[in-house]
Amino acid sequence: MRAFPLLLALALAVVLTFLTVPIVAIFVDSSPAELIDSLGEPGALDALWLSLRATATALAVILIVGTPAAYLLATRSFRGKSLVVTLVELPLVLPPAVAGIALLAAVGPSGILGGAVEGAGIELSLETAGVVVALTFVASPFYIRQAMASFAAVDRTLLDASRTLGASEARGFVRVMIPAALPGLAAGTALALGRALGEFGATLMFAGSFQGITQTVPLAIYDRLGTDFDSALALSAVLVAVSGAILLSVKFVQGSEALGGAPG
Amino acid sequence: MRIVAAAAAAALALAGCGGGDEPRLVVSAASSMSEALDDCSPDFDDADVRLSFAGSDELAAQIRQGVAPDVYAAANTKLPDELNKEGLLSRPVEFATNELVIAVPRDSDVRATGDLAEPGVKLAIGSESVPIGSYTREVLSRLPGDEGKRILANVRSNEPDVKGIVGKLTQGAADAGFVYVTDVNAAGDSLRAVKLPAALEPDVKYAAGVLKGAKRPDEAREFVDGLTDGACADALAKAGFGVP
Chain A
1 MRAFPLLLAL ALAVVLTFLT VPIVAIFVDS SPAELIDSLG EPGALDALWL
51 SLRATATALA VILIVGTPAA YLLATRSFRG KSLVVTLVEL PLVLPPAVAG
101 IALLAAVGPS GILGGAVEGA GIELSLETAG VVVALTFVAS PFYIRQAMAS
151 FAAVDRTLLD ASRTLGASEA RGFVRVMIPA ALPGLAAGTA LALGRALGEF
201 GATLMFAGSF QGITQTVPLA IYDRLGTDFD SALALSAVLV AVSGAILLSV
251 KFVQGSEALG GAPG
Chain B
1 MRIVAAAAAA ALALAGCGGG DEPRLVVSAA SSMSEALDDC SPDFDDADVR
51 LSFAGSDELA AQIRQGVAPD VYAAANTKLP DELNKEGLLS RPVEFATNEL
101 VIAVPRDSDV RATGDLAEPG VKLAIGSESV PIGSYTREVL SRLPGDEGKR
151 ILANVRSNEP DVKGIVGKLT QGAADAGFVY VTDVNAAGDS LRAVKLPAAL
201 EPDVKYAAGV LKGAKRPDEA REFVDGLTDG ACADALAKAG FGVP
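Heads up: the protein sequence lines correspond to chains A and B, in order.
Heads up: the first sequence begins at 1 in my numbering, then just goes up one per residue.
Heads up: the second sequence begins at 1 in my numbering, then just goes up one per residue.
No wet-lab data here; the hints were simulated from the structure.
Computed from a prediction, not measured in an experiment: that's the story for all the values here.
Cβ atoms here follow ideal geometry from the backbone N, Cα and C, with glycine treated the same way.
Just so you know, not all the hints are guaranteed correct.
[Stated by the list, open to error] Going by beta-carbon spacing under 7 Å, a handful of chain B positions derived as facing chain A: (1) E35; (2) S127; (3) A153; (4) S157; (5) G172.
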């Protein structure tokens, strides 16, 4: 009987080693001084600033449109709902290369909707707007999925009580459901943020790579691989630090709820 | 316990760690050779050739980080020479030449470099860190007056490899780009090549060598020799590569 707990501990040790050694290596290979040096380079700063702007824009879109959509899916049942949910979740499991090709085929200059996009005076490929589209496409399912689970987990009697007291559903959604689901929504936001910050393949294929316009941090890392490994390491270290900070802050916001087995 | 061990063994076997009977030769080659080498490698008798294609610079970076294929074949001579000086690669052999051209969609009316300097033309070229990108900048620097500068100002994407440039062109995202003539051939009917004047043409030479840490040095040497004489030399010629 003693063997089983030992096996569990062993499995955890393997998981931890496997997942942390590569991350630690990034920091071992680059001294803090080198790290700061490489970040002073204009290309690196441009990439960081672009990643920040594009990710923030994509997240704003995801939150504004995704939250009510997730609420609908969590609170209504209708025919074909599981199909709708599957379609919404599909980009989660798509390889980035497929996402890139799909976006090109849909809204690229020669895509099925390319003419309409162009007609509307919108330029996506080789523009920052294209980066935002790519990030939104790959990251939104991470948020919507988590938001659905969080809304579904809210005690419906809360909403019903607000309705009995005469509040409209819209008011109940804003005043009751969102606050009650907030820890889960925050977790979903963090997941989407992490995915958007790390997006590589779809961005490169759909939006291209140009300093300050479409070259996000992951693209800048790839571009430096052959010529400036130290700078690639430094940018990687920044992404690790930012992503770690995001995860930690979510754990902090969620407080004990995260430890108590809340959805996600 | 036994189930876990069996699952791990199965996973490793699936991942290709099982090991076959035929010796395996790992060849890291520049992306621009993928069609030609995919074509001829099954004919290599002495080993099961495993091809790994990427930008020459990326492959060189992997080798410097300790990744050891048996053969390294690059789209220039600079990177193999550097690796040779660093003691990582045998003396490189020049085995093919290529030609830098302007690639445009078939219906484009671009006829010469001057057309690329017009305002509003969207260009996708190679990133400065890959050979195709440095050849392109070399050509642009030889143009008279400020033409090169005006062309660079039209660049909208610095792609990490040739496939990225070709993709941007075939999808209509970019109006023109600089690639190798072999890439235009490989893209079939969708692209057209505009030749550069001889005075502008850079000297594009491909070189290959055997890794110092090669697991199969003899087969590797044979593969490198085959690039200048044999099935792979024929496949390279068919794809449009020249003889150095």
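Checked hints:
1. Because the beta carbon of B:E35 sits about 19 Å from the nearest beta carbon in chain A, more than 7 Å, this interface hint is broken.
2. Annotation: B:S127 was flagged as interfacial toward chain A, and the flag holds, the nearest CB pair being 5 Å apart, inside 7 Å.
3. Interface hint status for B:A153: violated, as the beta-carbon distance to the closest one in chain A is roughly 12 Å, over 7 Å.
4. The interface hint given for B:S157 holds, since its Cβ lies 3 Å from the closest Cβ of chain A, which is under the 7 Å cut-off.
5. A least Cβ separation of about 4 Å between B:G172 and chain A falls short of the 7 Å threshold, and the interface hint therefore holds.
Of the numbered hints stated above, those contradicted by the structure are hints 1, 3, listed in ascending order.
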